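> The chain contents come next:
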Amino acid sequence: MTVRPRLLPVLLVAALALVAAAGCGTGGGSDATASDPSGSITVEGATIDWPPNPETALVRFAIDNASATEDHLVAVTSPVGDATIHRSDVDEAGTATMSPVDRVTIAPRSSVQFAPGGLHVMLTGITADLQVGDEVPITLTLEGAGEVSFEATVVEPGSVGDDTADPGGAHDHS
Amino acid sequence: MTTAEQTWSRRRFLGAGAAGAGLALAGLAGCSLERGGAPAATADDASGFGGQLVTPPMAMPDVTFTDMHGEPFSLIDDSRGTPTLLFFGYTSCPDICPVYLSTVARAIESIRTGPGSDTQVLFVGVDVARDTPERMQTYLGRINPTFLGLTAEESVIADANRQLAQAPITIEAPDEDGEYLVGHGSKVFAFTADGVAHRFYPYDTRQQAWAQDLPRLAEGEYK
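Chains B and G supply the protein sequences, listed in that same order.
Take the first sequence: its position 165, counted from the start at 1, is 165 in our numbering, and no numbers get skipped.
Take the second sequence: its position 204, counted from the start at 1, is 1204 in our numbering, and no numbers get skipped.
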């Protein structure tokens, strides 16, 4: 159960995240944004709900494409575990399923939310003991923009109906 | 039917694995139940309750699980007199399950004392290979220590699932890393203290709706 070297809980950032979380209920998310070198792709509000199963977690974020051409997210990696993209669905019979997603299109001048109940990045095989405030490195690979790296903050799990259920929604970075 | 056959070739339906030849039959039985015999959920009325009314009401499934502490747990006998929420999920589920469990945990905590604060949240771990008692203790303990995890042989879990007219639980074939996905009901069945479910709720019911409904369900009101 050793924390891998690249998972560095930066104390200052962790403290800031806690303050942010206290200020807006649970899980305010990282105020940091990350972009590719060209600036066309931006990731905002990256958080991980402190997972009830220590080995499996879900990353929430919003990915924004400011350019005039569509781009495609094709891979996600993280040093803390195996990262995969899935989509959750509930069918008419009420059965909940998840399906792997190979490629996510981000249309020009639009954004895509990764959040519970829909598209999400799942981390499996986590061996580090994630704690609230930890910063988990995540790297997205886009066909056009290349790699975008950011850190997702581990937060207390929110609940449906609080003001942070929509990742990035409560934070205006404009 | 081609699609269904392809699906079946890579899926295992819970409760049918050991029986071998029973696989298709169990799947079919579940499907026909879902199409023909499932109780209708009427669209919400002006009652102010969340979720949906179950008509006709459903009895607590007549099955006995083993709880995560190793004790037998009869759904009927051991939940009698206690308002109970029943949900089928799995501990490797990163999305639907923790969303529901965390939300209802915060709602019950917000009620603090009085009716509804003693609601028993039951979590049936349908992925028996991974949902061990120890795993459920960790999983639920990190959400709310009063939540109770239940396990049983797959046939028993499938039986309980069927008695609630839910579609069959599916276990996908593992990938190269041994990870696999599970299809399970997303409904939360709300039983009043008399062991009857009059309402069910979607997994993403809002915390405020739970906080409003649980005290009334605990008083036996449901519409």
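The hints are simulated quantities; they were obtained by calculation from the structure and are not laboratory data.
Please read these numbers as outputs of a predicted model, since none were measured by experiment.
One or more hints might be untrue.
[Stated by the list, open to error] Derived DEER-like restraints, expressed as beta-carbon distance ranges:
no.	chain 1	residue 1	chain 2	residue 2	range
1	G	Thr1132	B	His72	26 to 32 Å
2	B	Gly146	G	Pro1057	55 to 61 Å
3	G	Ser1155	B	Ser111	45 to 51 Å
4	B	Pro37	G	Glu1134	32 to 38 Å
5	B	Ala107	G	Ser1155	43 to 49 Å
6	B	Val74	G	Thr1055	22 to 28 Å
7	B	Val74	G	Ala1129	29 to 35 Å
Even glycine gets a Cβ: it sits at the ideal position worked out from N, Cα and C.
> Taking the hints in turn, state whether each one holds.
Status of each hint after checking the structure:
1. Range check, threonine 1132 of chain G to histidine 72 of chain B: about 39 Å between beta-carbon atoms, so the 26 to 32 Å window is missed.
2. Glycine 146 of chain B and proline 1057 of chain G have their C-beta atoms about 57 Å apart, which keeps the hinted 55 to 61 Å range intact.
3. At roughly 46 Å, the beta-carbon separation of serine 1155 of chain G and serine 111 of chain B lies within the given 45 to 51 Å, and the hint holds.
4. For proline 37 of chain B and glutamate 1134 of chain G, the hinted distance range of 32 to 38 Å is not satisfied, since their beta carbons lie about 47 Å from each other.
5. Hint check: alanine 107 of chain B to serine 1155 of chain G, Cβ distance near 47 Å, so the stated range 43 to 49 Å holds.
6. Between valine 74 of chain B and threonine 1055 of chain G the CB atoms are about 47 Å apart, so this pair departs from the stated range of 22 to 28 Å.
7. Hint check: valine 74 of chain B to alanine 1129 of chain G, Cβ distance near 31 Å, so the stated range 29 to 35 Å holds.
Of the hints listed earlier, those the structure fails to meet are numbers 1, 4 and 6, in rising order.
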